[in-house]
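Participant: Sequence:
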Amino acid sequence: MEERRCLDGDETPGIGGCTAAGEEVEGEPQGRCVDLTSFQLHDLREVEIPDDLVELDLTANRLSELDPRIRRLPQLRKLSLRQNLFDDKGVEPISQWKAIAGLLELVLRDNKLRNIPDVSIFKSLLIFDVSFNEISSLHGLSKVSDTLKELYVSKNEVNKIEELEHLHSLQILELGSNRLRVMENLQTLTNLQELWLGQNRIRMVNLCGLKCIRKISLQSNRLTSMIGFQASSPDYPATLRQIFPNIQQIDSDIFM
Numbered sequence: 022m023e024e025r026r027c028l029d030g031d032e033t034p035g036i037g038g039c040t041a042a043g044e045e046v047e048g049e050p051q052g053r054c055v056d057l058t059s060f061q062l063h064d065l066r067e068v069e070i071p072d073d074l075v076e077l078d079l080t081a082n083r084l085s086e087l088d089p090r091i092r093r094l095p096q097l098r099k100l101s102l103r104q105n106l107f108d109d110k111g112v113e114p115i116s117q118w119k120a121i122a123g124l125l126e127l128v129l130r131d132n133k134l135r136n137i138p139d140v141s142i143f144k145s146l147l148i149f150d151v152s153f154n155e156i157s158s159l160h161g162l163s164k165v166s167d168t169l170k171e172l173y174v175s176k177n178e179v180n181k182i183e184e185l186e187h188l189h190s191l192q193i194l195e196l197g198s199n200r201l202r203v204m205e206n207l208q209t210l211t212n213l214q215e216l217w218l219g220q221n222r223i224r225m226v227n228l229c230g231l232k233c234i235r236k237i238s239l240q241s242n243r244l245t246s247m248i249g250f251q252a253s254s255p256d257y258p259a260t261l262r263q264i265f266p267n268i269q270q271i272d273s274d275i276f277m
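Each residue of the sequence shown is one higher than the one before, counting from 22 in the numbering used here.
Among the clues, some could well be false.
Here are the computed lysine to aspartate or glutamate pairs in the EDC-like style, where the Cα-Cα straight-line distance is at most 16 Å [said to hold, decoys possible]:
1) Lys144 x Asp167
2) Lys110 x Asp72
3) Lys176 x Glu195
4) Lys236 x Glu184
5) Lys110 x Glu155
6) Lys181 x Glu195
7) Lys176 x Asp131
8) Lys133 x Asp108
9) Lys164 x Glu178
10) Lys110 x Asp78
11) Lys236 x Asp167
12) Lys181 x Glu155
13) Lys144 x Asp131
Taking CB as the label site, the calculated pair distances span [said to hold, decoys possible]:
14) Ser116 x Arg83: 33 to 39 Å
15) Val203 x Glu69: 46 to 52 Å
16) Asn227 x Ala120: 41 to 47 Å
17) Lys110 x Ser246: 41 to 47 Å
18) Lys232 x Ser85: 26 to 32 Å
19) Met225 x Lys144: 34 to 40 Å
20) Thr58 x Ser141: 44 to 50 Å
21) Glu186 x Gln61: 22 to 28 Å
22) Thr58 x Ser246: 43 to 49 Å
Just so you know, the hints here were simulated from the structure itself, not pulled from any lab data. Ideal placement from N, C-alpha and C gives every residue a C-beta, glycine not left out.
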């Protein structure tokens, strides 16, 4: 088990606006960070969990149930359950754990979830990752805090963009590798900077209202039109550069 202190505010920050492991984020108390990545644990019975824990990384284990001690970590700000065996029932208790309501980052990537879990208790949540699961609908996102800045739902089975309208602070939206056919319900995301919709079944694109876009991916779709422009060529990168002169990336092409 690796235990480390969280970085001080004047130490090197993470890259691209995302905080690096162990980095202190705004509003985060000083405390300990425990990294149990790749221990292949089936449970945490033999693991000491300090009461002043700020970050707990349980990536790449064999966990299917939440250890009840996690609910007694009032300073916890980052929790990663990535690459485990959690199903909907396995993560259900977290919706009732009021002591960890100050959580800023929750990673449930690469598990066995079929639905968006209830995370309404986390009123200050900034990062939410449920990519690489078996989720077929975004139903439940309407309960996610409007403080959210990064949402990752790639590699699922989602067929409709919905319940995002209230996420006015959202900066990164990842919905690549799903079953989307229509790009819709994004017009209120006026602070969105990165939009990843590659490898879907989208034909029509509407970017109205998305004035802050810096990076976008629409590759491997079935585009035929884009807000009135014909994209059947498709030369949609040129169209995007006309609409967003400050854009930095389209698919794999990076502009300086």
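Participant: Going straight from one Cα to the other, do lysine 181 and glutamate 155 come out at no more than 16 Å?
Facilitator: 14 Å, holds
Participant: For lysine 181 and glutamate 195, compute the direct alpha-carbon distance and say whether it is at most 16 Å.
Facilitator: 13 Å, holds
Participant: Run the distance test for lysine 176 versus aspartate 131: straight-line Cα separation, threshold 16 Å.
Facilitator: 9 Å, holds
Participant: Take the C-alpha atoms of lysine 133 and aspartate 108, compute the straight-line distance between them, and say whether it is at most 16 Å.
Facilitator: 5 Å, holds
Participant: Regarding the pair lysine 110 and aspartate 72, is the alpha-carbon distance no greater than 16 Å?
Facilitator: Between lysine 110 and aspartate 72 the Cα gap is close to 25 Å, so the pair fails against 16 Å, i.e. violated.
Participant: Do threonine 58 and serine 246 keep their Cβ atoms within the hinted range of 43 to 49 Å?
Facilitator: Check passed, 45 Å falls within 43 to 49 Å.
Participant: Holds or violated: are the alpha carbons of lysine 164 and glutamate 178 at most 16 Å from each other?
Facilitator: Violated, at roughly 20 Å.
Participant: Given a hinted range of 33 to 39 Å, is it respected by the beta-carbon distance of serine 116 and arginine 83?
Facilitator: This hint is violated: roughly 23 Å between Cβ atoms.
Participant: Regarding methionine 225 and lysine 144, is the given constraint of 34 to 40 Å on their beta-carbon distance met?
Facilitator: 36 Å, holds
Participant: Given the hinted pair lysine 236 and glutamate 184, is their Cα-Cα distance within 16 Å?
Facilitator: Violated, because 22 Å separates the two Cα atoms, which is more than 16 Å.
Participant: Taking 16 Å as the top limit, are the C-alpha atoms of lysine 110 and aspartate 78 close enough?
Facilitator: This hinted pair is violated, its Cα atoms lying about 20 Å apart.
Participant: If I claimed the Cβ atoms of asparagine 227 and alanine 120 lie 41 to 47 Å apart, would that claim hold in this structure?
Facilitator: For alanine 120 against asparagine 227, whose Cβ atoms are near 42 Å apart, the range 41 to 47 Å holds.
Violated hints, listed in ascending order, are 2, 4, 9, 10, 11, 13, 14, 18, 20, 21; each of the other numbered hints is respected by the structure.
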